[in-house]
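Keeping the supplied structure of chain A fixed, place chain B upon it in accordance with the hints.
2 protein chains.
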Amino acid sequence: MHVKLLNSFVRPNINLFRTIVAQQLEYKEHGDPPSVVRLTNQTLQPIRADEVRYKVMAATINPADINTIQGIYPIKPPLPAVGGMEGVLRVEEVGSNVWDLAVGDWAIPSPAGFGTWRTDGIAPRTDLIKISNRLSIVQAATLAVNPSTAYRMLKDFVDLMPGDVVVQNGANSAVGQLVIQLCRHFNISTVNLIRDGKADEKETKDYLGELGADVVLTETEFKRKVRSLFEKMPSPKLALNCVSGRGIIYMAGCLAPKGKLVTYGGMSKQPLHVPTGAFIFKEIQLHGFWMTSWNRDAANAVKRRKMLDVLTQLSLEGKLLPVKYQLVPFKEYQQAIEATAAGHGRKKILVFEWCG
Amino acid sequence: MHVKLLNSFVRPNINLFRTIVAQQLEYKEHGDPPSVVRLTNQTLQPIRADEVRYKVMAATINPADINTIQGIYPIKPPLPAVGGMEGVLRVEEVGSNVWDLAVGDWAIPSPAGFGTWRTDGIAPRTDLIKISNRLSIVQAATLAVNPSTAYRMLKDFVDLMPGDVVVQNGANSAVGQLVIQLCRHFNISTVNLIRDGKADEKETKDYLGELGADVVLTETEFKRKVRSLFEKMPSPKLALNCVSGRGIIYMAGCLAPKGKLVTYGGMSKQPLHVPTGAFIFKEIQLHGFWMTSWNRDAANAVKRRKMLDVLTQLSLEGKLLPVKYQLVPFKEYQQAIEATAAGHGRKKILVFEWCG
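Here the protein sequences come in this chain order: A and B.
Residue numbers for the first sequence follow the numbering used here, beginning at 1 and rising by one.
Residue numbers for the second sequence follow the numbering used here, beginning at 1 and rising by one.
Derived by calculation from the structure, the hints in this document are not laboratory data.
Built from N, CA and C at the ideal position, the CB exists for glycine as well.
Warning: the hint list may mix true and false statements.
[Unchecked claim] Restraint ranges, calculated between C-beta atoms of paired labels, are given here:
1. A/GLY71 with B/HIS30: 55 to 61 Å
2. B/LYS306 with A/TRP99: 52 to 58 Å
3. A/GLY31 with B/VAL302: 56 to 62 Å
4. B/PRO74 with A/ARG246: 20 to 26 Å
5. B/LYS319 with A/LYS28: 58 to 64 Å
Pulled out of the complex, with its shape left as it was, chain A reads as follows (with noise of 0.2 Å):
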């Protein structure tokens, strides 16, 4: 440590005379995404004493991204902003304040708002999160948002012990994909609700199975087998939900008693439907869940640091593999923005030219 401050103290700063300039995805009203996010250059200053100048390795286009500039998102950027709130940096600098982070270090963002569609930026110490960079790149810029929803879900609601059980809908996901992988890992058994009428029905199941999963089945299987299901395994203690809609009658009232339902997403986008006896008498409880809110809140910053070694660690032993991706060049970011807000094809990743 010592060292290191010498040498950020008496080194010469090289890159004091050259102007820097990044291209980023930027939009300056809220709409359309396609239609309001341009590509648009910005000269860096220098940085701050307590600033990191850093080049993006790889940054995804999530679903959130989209709502975020469509205006539908709680997070609302000032803008203009550059849209983008997951992926992996490579610090290229560092102001004289900061000792704990090297050039060559990799870094994740902590605020949802930061914007990671961009070939380069500054930003305070304090909004850079330091993990290993003996994960692929990948792995990296996907770490922060999915695994740590499916971690955070398993973790803080009821306390699972190996054997117990957890149901989820949407288990195709990427959050489900990574409840099913981490659920192995710990021991407890899942069963899984895909969607009716899925054309990759099989193939789905297949690979749901291969991740880990212990039952995988339609909705509307569930619906018919759930009573012969449970004589055979426990009630579940706890059932995530990104679905919504009237299924969750059936998911809520498999519950052991005291169970808890964790509400993560709204895919049908109609409202929940839950039984009223289930909340009386067996006394279930209902729970969101929002990775976004759950980091801001500080008291969470040393447990934030824990999760991300464990899913690192668990990431390089290969036990969490990442939901299926396609990398997309940075100055294709349009049809991969349109595909996207369509919903349609795998999850989309940035890979920036000097990196791909």
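The following block gives chain B in isolation, referenced to the frame of chain A:
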């Protein structure tokens, strides 16, 4: 206490050779209450050292009693059973080990399956909770279930402060009326929803207003006014639901961030409908409440004693009016059970000849 102990030890047991025959409303099987409930005689045995003999002064007929006899309530006393879970008793004789209850004391039953629909009975001391005999018989007979339910729901889910707001549906229910009165006492504002199309809408609104309701609206009026209403007053931290169904969307949606909706009934016989976004972005929670379950938990014994003292005091001060009721002589039980099963008329309270 020493005097009492001495008295019970030396006094001759005047009932030793007298046979007492209790009349009781008994059911030997589950089914339609007016058909399966029969008036039977039960010869009482001499009491044991830890037991108490009592006379019933008044006993309520609650919808939960009807459902218990039907076999559809989670309380299932072993058959044959005596109906009724609520009422007030007068102690007639105490066993030699009972030092903290004396002849003439009033008591209410502790366990839910007690069976209050009888003229006389014998119970373990531990099944009785002593209460003040300064209450009216009706206040005493109705102290345990509805006022306790209202009290606990206001105390155990969110920390309500003077000036906070509670919203409730079924505000005209017994619990609803008690919530209004307790909130007035605690300086908490209430927004009270009643069913649409009630013939006596005006009278109901006026009556709830007299009890202390700040706002009384039909469900349809609430949907229309919900936005403007909570511009004028703080958003509710707590919502109490005994109706369920689609209307819950508006009650849950109007909650303040981290607000809680507590369900204690489902009069509409519909599932709850809850907006997904309120879970995720406002972090509301849904809980259930069942007085019986709370009472069963031995950890709550001291809290229960304290609560009954508070409710007794408020009743004696005239701050808690019981719901409107109709006194029915014990012998006319048949019609009273029929009316309660059909869900019409005022709350029925059985009174006994010696006490009438």
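| said: Going through the numbered hints above, which ones does this structure break? Give me the numbers in ascending order. | reply: none
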